[in-house]
Amino acid sequence: MLEVRDLHVTRGATEVLKGISLEVLEGETAALIGANGAGKSTTLLTLSGLLRAKSGTVRFEGASGSIDLTKLAAERIVGEGLVQCPEGRQIFHSLSVEENLSMGGYLRRDRASLGSSIEEVHALFPILKERAKAAGGTLSGGEQMMLAIGRALLARPRLLLLDEPSLGLAPQMIERIFDVIETLKKRGTTILLVEQNAAMALDIADRAYVLENGRITLSGSGRELADNDRVRQAYLGIAS
Amino acid sequence: MSKNVPEVTRRRSATGLLALAALLGVGAALVYAAQATLSSYVVTLLALMFLNIALAVSLTVTNGFAGLFSLGHPAFMTIGGYIAAVLTYPPARKDFMLPDLPAVLLTNQIPLLPALLAGGIIAAILAFLVGLPVLRLKGHYLAVATLGLIVIVQGLATNWSGLTRGGSGLNGIPRLTDIWWCFGFAALAIYVALRLKFSSLGRAMMATRENAMAAELSGVSTYRVRMLAFVIGAFFAAVAGGLMVHLITVVTPKTYSVVLAFNLIAMVVIGGSGSVFGAVLAAIALTGISEAARPLEESLNLYGLSQVIVALALILVLFFRPNGIMGGAEPRLLRRLF
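If you read the protein sequences in the order shown, they are chains A and B. So that you can map any letter, position 24 of the first sequence is 23 in numbering that gives the first Met the number 0, and since no number is skipped, the others follow by simple counting. So that you can map any letter, position 293 of the second sequence is 292 in numbering that gives the first Met the number 0, and since no number is skipped, the others follow by simple counting.
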């Protein structure tokens, strides 16, 4: 579904990604873990076309076939089905919950099925239906996260990118968000999850990558990485 | 929302259309009554107020919906005003007022409506050309660029004497505008702005204003959406300029200046950035205040008093209601109609 080859990205004078390669197969959940500043968000922003790669390719099985995303405009990438739920929620504060959700379906021309998609999101997050008329900015952090995920789902992702969905949330809310990710996974949504909360991410992931200083230093199944000594020490806080 | 059940949508929009027609009818009746009973001075004042409403509402699209900071309205009004004036001028007068016009313009005269549209379209093209580089930048570069545009347009109007008669401006422009034109144009501007606001394009404009990155990730081309908001505002400003010139019958390079840009922005901010209804209220209030202040200015020899009042009103509103009177929202009734 997604195949990243030797991706180099610079921000300002700094080379943030020094040639990373990774892949995500259809239907699986992949996790990208790493410390602050390792380049996780840079990776996702480049995939979405908000940052431009210096070199490398990003092959994606999109709506119009296999394409290279590195030259595509951001709105075209969303249209191809690569949809990102950005770090820090980034909802539209003064727009209502309802309007926030319909922004997710901005590119969809099938108005009828959009209605049923909104109902699906409401079923997943009932609070979004209850608070449909409220301004997005009045929601709690956890509710905003649900809104951000709901908005991304309404764009009908073939591949859903989740950037730090647990960031700044209460432990209970993190559990709920991961439950939802699990549900999406069971429904067959392909997911690329970026997390600092490595324990939960590795637990859910079929495939995982460790990003350190702009390079992929380890990869394997979620299980393998969770058992790896180095990962246990560096990211799971377990002394071996 | 209305998308779920098409049948209900259709019925609702039918009653909505009826209610809109009724609203328009009430407005027209009021205009008719005003025209029949009030002095021609007051009627002209009301016509100006309608144009101010149209200007404030069109600036709401650019500055309110899309969150751009454009000061360009006076420049677009000057362009629309001069174009509409030159195109509608009787050839007999052109001979001695503007003898250096190109032959086509010298001998021909067209009706008001196409002249207004010509001004609007040329202003829209100019806005597009200004937006092409500037709207790609992040931050308030548009304010600087449009401020420069005012100066450039004023300079052109002053020095392109063959077309504009230079600094002395054009006078004796045929008075082709009346209160009905202004009323109709204000109604059109309000209708377009509200339809836009409750459409997916308008929502994309507001989303771009709120969070450009998230808008991009939702599939919005923020550049295109900003460009549209800027060009639509410029078009309406130029048409309003054309109408105003034919109401006051005079235009000079200095008629529409930065002070006007300030007044219009004050209307948008006081009304509540992004609220069409708020912009209408503020336009009515500020037009009224500056007219009421005029006799005071003359009798007390306090020229500039109305400017002070407008500025003071702006400061007070920003202090007590930072989001403006309406805070970006519309009254519930209007929301149901659109």
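Hints were generated in silico from the structure; no laboratory data involved. For each residue, glycine too, the CB sits at the ideal point set by N, CA and C. Take these hints with a grain of salt, some might be off.
Subject to a maximum C-alpha distance of 25 Å in a straight line, what follows is the list of computed SDA-like cross-link-like pairs (lysine to any residue) [to be verified]:
id, chain 1, residue 1, chain 2, residue 2
1, A, K128, B, V249
2, B, K253, B, F127
3, B, K137, A, G136
4, A, K53, B, K137
5, A, K185, A, K53
Label-pair restraints from in silico Cβ distances [stated by the list, open to error]:
id, chain 1, residue 1, chain 2, residue 2, range
6, A, S115, B, K137, 45 to 55 Å
7, A, S54, B, A310, 35 to 45 Å
8, A, G114, B, L112, 53 to 63 Å
9, B, G154, A, G114, 32 to 42 Å
10, B, I124, A, S115, 41 to 51 Å
11, A, A111, B, S39, 47 to 57 Å
12, A, S115, B, G24, 52 to 62 Å
13, A, E2, B, P113, 50 to 60 Å
14, B, K137, A, A12, 16 to 26 Å
15, A, G114, B, P101, 49 to 59 Å
Results of checking the hints against the structure:
For the suggested pair K128(A) and V249(B), the alpha carbons sit about 57 Å apart, so the restraint of at most 25 Å is broken. Only pairs whose Cα atoms come within 25 Å are accepted, and K253(B) paired with F127(B) is accepted, the gap being roughly 24 Å. Restraint check for K137(B) and G136(A): satisfied, since their Cα atoms lie roughly 23 Å apart, inside the 25 Å limit. Note on K53(A) and K137(B): the hinted pairing holds, with a Cα-Cα distance of about 22 Å set against a maximum of 25 Å.
Taking the CA atoms of K185(A) and K53(A), the gap is near 36 Å; set against the 25 Å cutoff, the hint is violated. Separation of S115(A) from K137(B) is about 37 Å and departs from the stated range, judged on CB atoms against 45 to 55 Å. At about 54 Å, the CB distance of S54(A) to A310(B) disagrees with the hint of 35 to 45 Å. For the hinted restraint 53 to 63 Å between G114(A) and L112(B), the CB-CB distance of approximately 41 Å leaves it violated.
Separation of G154(B) from G114(A) is about 54 Å and departs from the stated range, judged on CB atoms against 32 to 42 Å. For the pair I124(B) and S115(A), the supplied restraint of 41 to 51 Å holds, since their beta-carbon distance comes to about 43 Å. Here the CB-CB span from A111(A) to S39(B) is close to 55 Å, well matched to the stated 47 to 57 Å. Checked against the hint of 52 to 62 Å, the pair S115(A) and G24(B) fails, with Cβ atoms roughly 40 Å apart.
At roughly 57 Å, the beta-carbon separation of E2(A) and P113(B) lies within the given 50 to 60 Å, and the hint holds. In this structure the supplied range 16 to 26 Å holds for K137(B) paired with A12(A), their Cβ-Cβ distance being about 19 Å. For the pair G114(A) and P101(B), the supplied restraint of 49 to 59 Å holds, since their beta-carbon distance comes to about 57 Å.
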